[in-house]
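One letter stands for each residue in the lines below.
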Amino acid sequence: DAGVIQSPRHEVTEMGQEVTLRCKPISGHDYLFWYRQTMMRGLELLIYFNNNVPIDDSGMPEDRFSAKMPNASFSTLKIQPSEPRDSAVYFCASSLWRSYEQYFGPGTRLTVT
Amino acid sequence: AQTVTQSQPEMSVQEAETVTLSCTYDTSESDYYLFWYKQPPSRQMILVIRQEAYKQQNATENRFSVNFQKAAKSFSLKISDSQLGDAAMYFCAYRSAGYTGANSKLTFGKGITLSVRP
Numbered sequence: 001d002a003g004v005i006q007s008p009r010h011e012v013t014e015m016g017q018e019v020t021l022r023c024k025p026i027s028g029h030d031y032l033f034w035y036r037q038t039m040m041r042g043l044e045l046l047i048y049f050n051n052n053v054p055i056d057d058s059g060m061p062e063d064r065f066s067a068k069m070p071n072a073s074f075s076t077l078k079i080q081p082s083e084p085r086d087s088a089v090y091f092c093a094s095s096l097w098r099s100y101e102q103y104f105g106p107g108t109r110l111t112v113t
Numbered sequence: 001a002q003t004v005t006q007s008q009p010e011m012s013v014q015e016a017e018t019v020t021l022s023c024t025y026d027t028s029e030s031d032y033y034l035f036w037y038k039q040p041p042s043r044q045m046i047l048v049i050r051q052e053a054y055k056q057q058n059a060t061e062n063r064f065s066v067n068f069q070k071a072a073k074s075f076s077l078k079i080s081d082s083q084l085g086d087a088a089m090y091f092c093a094y095r096s097a098g099y100t101g102a103n104s105k106l107t108f109g110k111g112i113t114l115s116v117r118p
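As you go down the protein sequences, you meet chains A and B in turn.
Residues in the first sequence are numbered from 1 upward in steps of one, following the working numbering.
Residues in the second sequence are numbered from 1 upward in steps of one, following the working numbering.
Since the hints were derived computationally from the structure, they do not count as laboratory data.
Values in this document were obtained by computation on a predicted structure and should not be read as measured data.
Cβ atoms here follow ideal geometry from the backbone N, Cα and C, with glycine treated the same way.
What follows is a list of derived Cβ distance ranges for each label pair:
#1 B:Ser80 to A:Glu83: 40 to 46 Å
#2 A:Met39 to B:Leu84: 20 to 26 Å
#3 A:Thr76 to B:Ala16: 43 to 49 Å
#4 A:Ser27 to B:Thr3: 29 to 35 Å
#5 A:Thr111 to B:Thr113: 19 to 25 Å
#6 A:Ser66 to B:Lys55: 37 to 43 Å
#7 B:Glu52 to A:Pro54: 27 to 33 Å
#8 B:Ala97 to A:Pro61: 27 to 33 Å
#9 B:Tyr54 to A:Thr111: 40 to 46 Å
#10 B:Arg63 to A:Thr38: 26 to 32 Å
Okay, derived cross-link-like pairs now, DSS-like style, lysine-lysine, Cα gap no bigger than 30 Å in a straight line:
#11 A:Lys24 to B:Lys110
#12 B:Lys110 to A:Lys78
#13 B:Lys73 to B:Lys110
#14 B:Lys110 to A:Lys68
#15 A:Lys24 to A:Lys78
Required output: the full structure, derived from the provided sequences and hints.
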């Protein structure tokens with residue numbers, strides 16, 4: 001299995017631009033999670049989906065952030081407009097119902113200048 | 001809500017020696033899972049070891065073992081015969097047991113950076 005795939009691996013953008021991060025979960029997994037990692041706040045759960053349906057988006061910091069999962073094999077996290085404080089590493093993870101383990105993607109390092 | 005605390009931001013160990021990383025958590029639940037994840041400079045999050053709260057026996061995985069003290073809500077990771085490749089950030093994480101959606105998420109501690117001296 002290819003594991004969780006995220007793209008791009010690195011993204012540099014200017015303040016005010018729209019940013020879209022992409023994730024392909026492991027085939028057959030029915031849970032998908034988006035995390036953000038910063039030095040100040042550590043790893044934070046932003047939102048997660050079960051069977052493509054958002055379950056809990058209470059971690060999404062602002063309305064500038066949105067996430068979708070149009071099908072079982074693809075999810076996006078969008079920031080519009082982006083701000084310098086959004087600079088972080090964004091991870092996607094997936095898991096299978098009744099499994100304790102989450103499998104993480106390699107992360108996307110976002111830099112907003 | 002559950003919280004996970006890793007109070008030591010950094011630790012250092014001599015190669016081939018043993019080091020223990022500390023983690024405490026707070027929960028009102030009786031059944032849950034605890035994990036240690038490793039994040040090397042590559043950024044990839046790697047599961048090192050897990051512990052089910054209902055098991056009294058401490059989990060072990062090769063050179064990695066845990067000391068799980070349920071009453072004290074303590075979950076430390078011991079790395080024996082430390083190797084240079086063990087240098088990484090280590091995160092302690094909590095997950096509720098059960099299979100509803102709300103139980104699936106992980107709560108992480110802030111992490112500890114481990115360096116290994118040759």
